[in-house]
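Chain by chain, the residues:
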Amino acid sequence: MSFEPKIVAFLCEWCSYRGADLAGTARMKYPANVRPIKVKCSSRVEPTFILKALQTGASGVLVLGCHPGDCHYTNGNYKAIRRMAILNKLLEQLGIEKERVRLDWVSASEGNKFVSIVNDITAKIKELGPLTKVF
Amino acid sequence: MGSEPRIGVYVCHCGSNIAGTVDVEEVTEFARGLDAVVIARNYVFMCSDPGQEVIRNDIRDFGLNRVVVAACSPTMHELTFCRVLEEAGVNPYLFEMANIREQCSWVTEDKQMATEKARALVGAAIKRVYYHQPLETRRVPFNPNTLIIGGGIAGIQAALEIANSEHKVYLVERSPSIGGHMIQLDKTFPTLDCSACILTPKMADVGSHPYIELMSYSEVEEVAGYIGNFKVKIREKARYVDVDKCNSCGVCQEKCPWKVDSEFDAGMGKRKAIYTPFPQAVPNIPVIDREHCVYFLKGTCRACEEFCEAKAIDFEQEDKLVEVEVGSIILATGFDVFDPTPIYEYGYKQLDNVVTSLEFERLVNAAGPTGGNIVLKDGSTPQSIAIIHCVGSRDKNYHEYCSRVCCMYALKFAHLIKEKANADVYQYYIDMRCFGKGYEEFYERLADEGVNFIRGKVGEVTNQALSEEEKGKLVVVAEDTLLGSIIRVPVDIVILCVAMEPQPDVGAVARLFNISRSADGFFLEKHPKLDPVATTTDGIFVAGCCQGPKDIPDTVAQASAAAARVLALISTGEVEVEAATAVIDERICSGCQLCSVICPYTAITFDEKERVCRVNEALCKGCGACVAACPSMAIIGKHFTTEQIMAEIEGILI
Chain A
0 MSFEPKIVAF
10 LCEWCSYRGA
20 DLAGTARMKY
30 PANVRPIKVK
40 CSSRVEPTFI
50 LKALQTGASG
60 VLVLGCHPGD
70 CHYTNGNYKA
80 IRRMAILNKL
90 LEQLGIEKER
100 VRLDWVSASE
110 GNKFVSIVND
120 ITAKIKELGP
130 LTKVF
Chain B
0 MGSEPRIGVY
10 VCHCGSNIAG
20 TVDVEEVTEF
30 ARGLDAVVIA
40 RNYVFMCSDP
50 GQEVIRNDIR
60 DFGLNRVVVA
70 ACSPTMHELT
80 FCRVLEEAGV
90 NPYLFEMANI
100 REQCSWVTED
110 KQMATEKARA
120 LVGAAIKRVY
130 YHQPLETRRV
140 PFNPNTLIIG
150 GGIAGIQAAL
160 EIANSEHKVY
170 LVERSPSIGG
180 HMIQLDKTFP
190 TLDCSACILT
200 PKMADVGSHP
210 YIELMSYSEV
220 EEVAGYIGNF
230 KVKIREKARY
240 VDVDKCNSCG
250 VCQEKCPWKV
260 DSEFDAGMGK
270 RKAIYTPFPQ
280 AVPNIPVIDR
290 EHCVYFLKGT
300 CRACEEFCEA
310 KAIDFEQEDK
320 LVEVEVGSII
330 LATGFDVFDP
340 TPIYEYGYKQ
350 LDNVVTSLEF
360 ERLVNAAGPT
370 GGNIVLKDGS
380 TPQSIAIIHC
390 VGSRDKNYHE
400 YCSRVCCMYA
410 LKFAHLIKEK
420 ANADVYQYYI
430 DMRCFGKGYE
440 EFYERLADEG
450 VNFIRGKVGE
460 VTNQALSEEE
470 KGKLVVVAED
480 TLLGSIIRVP
490 VDIVILCVAM
500 EPQPDVGAVA
510 RLFNISRSAD
520 GFFLEKHPKL
530 DPVATTTDGI
540 FVAGCCQGPK
550 DIPDTVAQAS
560 AAAARVLALI
570 STGEVEVEAA
580 TAVIDERICS
590 GCQLCSVICP
600 YTAITFDEKE
610 RVCRVNEALC
620 KGCGACVAAC
630 PSMAIIGKHF
640 TTEQIMAEIE
650 GILI
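Respectively, the protein sequence lines represent chains A and B.
Here the first sequence is numbered in numbering that gives the first Met the number 0, starting from 0 and rising by one per residue.
Here the second sequence is numbered in numbering that gives the first Met the number 0, starting from 0 and rising by one per residue.
Here chain A stands alone, though its shape is the one from the complex (with noise of 0.2 Å):
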């Protein structure tokens, strides 16, 4: 059988998890691999929420929020880039590829963005293979 991974994704309540569920409305169609999570805010998202998932059995982890600048709670989703990026090093000193975990921005109208980066990070993973011996 192939690999299915299977992925994270913490998605905002205001622009990310609406425009996922407008990919739903609309009935475009996208990997099952991708497990929803909703969350306030980008910024709500610990980095040991990413940790815990990749370790429980999640092979990637999707961040997404509200575009820049268009952030509900006015800066939450900047937060989230700062916490990413000191994240990515510590996934680096675990060993772990940073392609990972990825942090977007979906807007409550962007549906077909949101699957587009579905397929993406779907397709990355089947690539790079099950997390396998890391914690």
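Warning: the hint list may mix true and false statements.
Derived DSS-like pairs: lysine-lysine, alpha-carbon spacing no greater than 30 Å straight-line [to be verified]:
{"hint": "1", "chain 1": "A", "residue 1": "Lys88", "chain 2": "A", "residue 2": "Lys123"}
{"hint": "2", "chain 1": "B", "residue 1": "Lys110", "chain 2": "A", "residue 2": "Lys51"}
{"hint": "3", "chain 1": "B", "residue 1": "Lys110", "chain 2": "A", "residue 2": "Lys28"}
{"hint": "4", "chain 1": "A", "residue 1": "Lys28", "chain 2": "B", "residue 2": "Lys395"}
{"hint": "5", "chain 1": "B", "residue 1": "Lys549", "chain 2": "A", "residue 2": "Lys112"}
Calculated directly from the structure, the hints in this document are not laboratory data.
All of these numbers come straight from a predicted model, not from anything done at the bench.
On the provided structure of chain A, position chain B as indicated by the hints.
Showing chain B alone in chain A's frame:
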């Protein structure tokens, strides 16, 4: 609630929307086997009355204290099910929804994959709800005042609807007078009502209404607060005319020696440096345009001051910052017209007598610069006029959307041209879209009036004549797709039906009011069908073309709808505020104050005496930035606790 969690799980078929792709039996069976699940069922429509009844009965019969519904998106029905819990005496926060429709069955083709994903989503919701805690929603008084931004027909309509119910409205308009684009128009389709005749009475009502405070020549500078309790700072720009002294005699405008292009006449006519945009302006008080006034530029003149008998001119006047408190806000900021200069092949601004539709409105308007005579730039009467549809609309290079009004005003123009100049009219259209009440009939009428309809997009407007007949004319070159051949038509005037587009500062306004925009740039409504006037920010509504192109009847309908929503809020008198806020465990807090620095709402303050931080729950919006940042893990983000999210992660990776 302190007892052990007893969870009920309900999987919805949503007809075949879910059950057609997801094996709901298998998902139910899976849920049954999970820890603390007392009962798991599936039903064809969980949101229906009988579906809700099932949950209510189970809560009673099985002593459930937590509920998971796996169905559509929580944005759709979370509130419905929270109410069910409340009615059955269970705190509504002890509920979790698994979105197995929008984010599972509708987006997955493979049934096995969809079922597996649905199992994961349901498993995650069950694990999460296990850790849910009851929260108390708080209710705070709702301020019955309303702020409306934009004094076009949408803002005017909404203001009058609300003010007529004897509730205070602040109507903010950034130009010197209300009226918006509608007051620039000549006739309105399809009834050919005179636009000014139907609008000016409403404008006058706004100006004299005891419950409307009209703030013209003003702009919103800062918005703070939340539904029911907004605080808004508004800049009243200096008019340099004392509103209380001015008696609108108009002498200042006569005496002012300085002429500038009139915005109201779309640049087709002139106005003075001290001006009211048009004679029926509301308020009918002039403003001095600082950028063009000779006194401000060179320090001499003051002719207006000299001739003003009321002594109303005040060159020392300054901008005033006013703060108002309101419970709800309606954005009715309208649209801008597309500038067709980039489509160089149409010759706008290069060739004389190529005009935009808004410019032509002024040309054909009896109160316009030519007194309503349709004339060429040299003053002669045209023999033939071409009207080009979809300029900047339905064009991937500019705007993909249809501007919805151009076909109809193009027909109106054709009628007015026939009536006033008896010239030949050539309509170049892609599709005729005459969808409204009486619109198709109007199209039929114009076809009978002898208008030429040519189906095809114009490739070029040129003054390069190829024949004697074309000399001195504008030649419109297009492919007639019905004939399948290229045709050249010499005309005297070319009207470009330009797109409606978002205001140039739409992005800044969206950020100011914390609302989203759709892909076309206009403000995004909460739901495209079921909630077209609300936005993702509670208490802020949209009306008119700021939400997307529309005609006057649709704008008026939407404005009335927004007013109705505001009045509904006012009549309840209070509003629920976020219960899912952050709270600091003071035993753990080290007083580092990192949280207070990053809080976007300054909701966290430091207690110098106790050396700990505290959250002001009235200001906290629950974003969770501080929760993630706290190095001591002393902050709990209620309803999004670390424990709950960790459990969800475990559940979703089953």
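Results for each hint:
For a cut-off of 30 Å, the pair hint linking lysine 88 (chain A) to lysine 123 (chain A) stands: about 20 Å separates their Cα positions. For a cut-off of 30 Å, the pair hint linking lysine 110 (chain B) to lysine 51 (chain A) stands: about 29 Å separates their Cα positions. Distance hint between lysine 110 (chain B) and lysine 28 (chain A) is fulfilled; the C-alpha atoms sit about 13 Å from each other, no more than 30 Å. A distance of roughly 24 Å separates the Cα atoms of lysine 28 (chain A) and lysine 395 (chain B); the hinted pair therefore holds under the 30 Å criterion.
Between lysine 549 (chain B) and lysine 112 (chain A) the alpha-carbon distance is near 27 Å, which keeps this suggested pair within the 30 Å criterion.
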